[in-house]
Amino acid sequence: MNPKRHFVARLTTYLFLFMLIIITLIPFVYIVMIAFGKNVVGTAAVIPDAFTTANFSRLFTETSFLQWMMNSIIVGLVTTIIAVIFVSVAVYVFSRMRFAGKKKLFDFILLIQVFPLTLSMVSIFRIFVAFGLLNDLKGLVVVNAAIASAGLVLLAKGYFDTIPYDLDEAAMMDGANRFQIAVQIILPLAKPMLAVVAIQSFVIAYNEYAIASTVMIQGIDSMPLAVGIQSMIAGQYGTNWSMYCAAAVFGSVPMIILFYALQKYFIGGLTEGSIKM
Amino acid sequence: MKRIMLVSLITILVSASISLIVPHVAAETAMPVRVWFSQYEAENEAMVTLAEAFESETGIPVEVVPRINIFNAADDLVNNAELDDRPDIVFMQAPDIGRLVSSGYLRPLTAFIDDDLKASYAEAAFSAFSYNGETYGVGYSIDSYGLVYNKSLIATENLPKTWDEFFTTAASLTTYDGDEVLIYGTLLNSRDMWFNYPLMRQYGGYYYGNYPNGDYNPYDVGLDHPGMIEYVAKMKELMESDLVLQSKIGSESDIVSRFANGKVAMIIYGLWYASTFQQRGIDYGIASLPDGRETSRALTTVQGFVINNRTEHASEAERFLRFILSDEAQQLLIEAGNGHAQKLGTRNPANRNVMASDYVQDDPVLASLSSLNDECEPFPNIPEGTIWYNYTTVVFQSIFFGDASGNPVDPQQKLTELADRIRADVALMNYTAERIEIPDWIWAVAATALIIFLALRIIQSQIRRRNRKGHENRLAFRETVIAWTLMLPLLGLLAVFYVYPILHNFYLSLTDYSGINLHEYGLIGFANYRSIITAGLQGLASMVVWTIIFAVSVVSCSFLLGTMLASVLNKVSNRMAKICRIIFILPWVIPTVITLLMWQGLLATDGGLVNHLLGIIGLSPIPWLSDPRVARLSSILVMTWFSFPYFMVVASGILKAIPRDYYEAARVDGAGSFFTFFYITLPLVFRALVPTLIMGFIMQFNQFGIYILTSGGPASDTIGAPGATDLLITYVFNTAFNTNRYAVAAAYSVIIFLFVGGFSAMAMRIGRRFSEV
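First to last, the sequence lines map onto chains P and R.
Heads up: the first sequence at position 270 corresponds to 346 in our numbering, and the numbers run straight through without jumps.
Heads up: the second sequence at position 587 corresponds to 593 in our numbering, and the numbers run straight through without jumps.
Any given hint could be a false lead.
[To be verified] Using 30 Å as the maximum straight-line C-alpha spacing, the simulated DSS-like pairs for lysine-lysine come out as follows: (1) R/Lys577 with P/Lys340; (2) R/Lys254 with P/Lys114; (3) P/Lys267 with P/Lys178; (4) R/Lys349 with P/Lys114; (5) R/Lys240 with R/Lys254.
Hints in this document: simulated from the structure, not taken from any laboratory.
Being a predicted model, the structure only gives us computed values, none of them experimental.
Given these sequences and hints, build the entire structure.
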């Protein structure tokens, strides 16, 4: 390839990345700035005139922040496990089995999600009452698992379909049964997608606010983080932007760790090329 | 290292699941009186102390439940009023009681309130909780405002006593440095109707008039009172003399931050930012509004205690309520609520003895705050109370700053339009459709029809099965059974959390469930649908077009950007890629609400960071969120910012599965990276993502986040019509919720469900053609 053209291509690539990094970082830096800012009154102030760590120490001493975060991590992790299992099973069924009503069932799963769940809080609340799940983290796990599984089945199916069926057939020739094929051949190949499913389920459960704020009503210490954080700006007297942002910065750490831990599964690009068609 | 991580992960998970599975064993006592109280720890502790004292005195146990904030109290009471662990006493805001009373959720306390109690509390403590001649609660704290002033700019004795004095004093205190204002005598927000209420009253305007017996008459709207024209003229005059915010999008926080910087002498405000004033060294005080004792009173929210009408131990609850309303108990609670020695001003006692106590009187600010208690007007507590609030900001913005294209509007005409709109909303809110009775035999017929239908379907499929060959048939049947069995757990979850809400919502849309009829709603047939169709929607066509453009642009932009990033990051050095990925997932992992609020601040036309940065490189500010067209573009860009990381990660995963041969073959043919991206990567990723993209499209269709960013604005020139960035769903829900017509909202959601569902089914069909070639 022409070295000059190569250089220009690289330059554009880096410029593109650089600009995108700036755009991505500005709001985040802004959050961090407010978190450390002193006497922040509104969000449209340009730069706080003094900085302090008091917002963080208040966060840990005056609120149940750590407890909230622990609650959310628990809900997030358990939801993730359930969702990964449900999605794997469902997607195997959709991608590898031929059965009556398959297309209809798939469309059904997609279409029920058209309905904005968070708008029918009356109905959701009734379900929680009927199953005795009010004020219980278990309830949040169940509802988040439902939301995450329903949404992610669609994503995972598209990916599973790219795994060639020849592999199954070859294994079947070797005498492997269906369960062995699923666990030993398909699932390992689907690792990248399962990692994405895991992260996204965790994010859904960790950040869910509308349902949690309606069904977790008794006991400050049993609130998930999203509800707790929101109380800092919907407080009764004005709004504490700094503590709110401090909580947001600190609260996103578990998700970044999870992402970091799982990213080896879905990056690496073409180098492995494990699938041959 | 890996093993340690694995072990610790497993430990965490196991302990997590144990804590979830093992029921929380609560020490079950004999049905205590349950009190939903405060969000302040100290205040709850004080309440627990009182509860213990009460129990040792009477033997009645009391449970104090801390709450996360007071705003949800009413809604949560409605949800929980009849459950086993229902609250008996609830701490809530007086403006919320109207709709609770009309649905029978609150216990009348008129008999409970005796003369002793009346004598020891400010009048607002009861008047705020009075509705249709009955009193339903007792005030505890009075959240009011007054004239907050900077003592180093104006001495207490020079404070104005009348509004005319206020204007002249303010003008004389205003100092300039050239064209720039150094000190503002006062700063008002012309768009605000909460803090300007006393001023508006002075000119004769009001929100809701009263019936002769003193109850509010929601049909009597006073915003088109002739005096309002004078009010508008006065505000315009003040604006010219720099006493009113000049910016079309200015807000209270602009005023407060200037006051906190010592640049304003007097503001009409409360003490919500007192700690900031203190930290900045402002020597502030709060005093009566000009003419405060007479006509112009501050609009006030009273917070107090009510009793759940469905309580199972009313007499015990009343006993405990009386116990905590005693002077000593109130003293304890108020001191705790104000952070004891900190004297934060968070709670302003309604109890007269506490008002007179040393704790309050020794602190000049607390003392002057409580002296305002007899000069306040409780916010209308009728269910219609907040309707005006939905429109006034937009209307007054156009009166003072012109309509969307900047042309001046006729104030009289605009105010009449506003008042008419409010009256129309009040009428809508109080409209009750006729209930219908469904005879039992209809249910029987419907059930039989359903059974026959299902039976026919089963027979049909049996016949189809029999037509196939034996072996294949048996195999297909077995496969079907296995498949459905495997899907059963997921389907169960979906049935509970998706199908039931949809059906229940459909049922609600056939009833008269509304803000004034929360409990005993009944079937009214298709009346809600009929009213939706006959009323029509202003600007429906353009809103639908915008919604589709929005959803399509956001999904396609973030898909394109995400895929591009995923493939670019495969080409740069490993270390760089790792850092980039961590940066790029930030929009995805930080709670959306928070970043949306940040974007709102960043994109503010005046003083937002983005325009500030543009100013540094010499560009003029861009009206990111205040110009209709730019706001639409901004909302697409911001929402893309939120969803591209997801597509980046997903696409990275898919790229991993693309066989290398494809690229090698392309390279042999001499294709450049541009070509390979658009002709190999993009189509392959797209094919794998068709269902996800459709899903993403649906999600954007139901995107409520945009409302946090723009509130649907910039608003249209017609009152109540959709704003420039209003999506179909945000608009209809706001219209229905502004008037608390929940059943109508349900009907809307059914209609939108069918509409978007049809659209997605179509997209699905087209998508299949793409993905199965």
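**Message:** With the threshold set at 30 Å, check whether the alpha-carbon distance from P/Lys267 to P/Lys178 stays at or below it.
**Reply:** holds (24 Å)
**Request:** Quickly compare the C-alpha distance for R/Lys254 and P/Lys114 to 30 Å and report which way the hint goes.
**Result:** holds (27 Å)
**Request:** Compare the distance between the alpha carbons of R/Lys240 and R/Lys254 with 30 Å, and conclude whether the hinted pair is satisfied.
**Result:** holds (17 Å)
**Prompt:** Does P/Lys340 lie within 30 Å of R/Lys577 when you go C-alpha to C-alpha?
**Reply:** Holds, at about 16 Å.
**Prompt:** Does the structure keep R/Lys349 and P/Lys114 at a Cα separation of 30 Å or less?
**Reply:** holds (21 Å)
The structure is consistent with each of the numbered hints, conforming to all of them.
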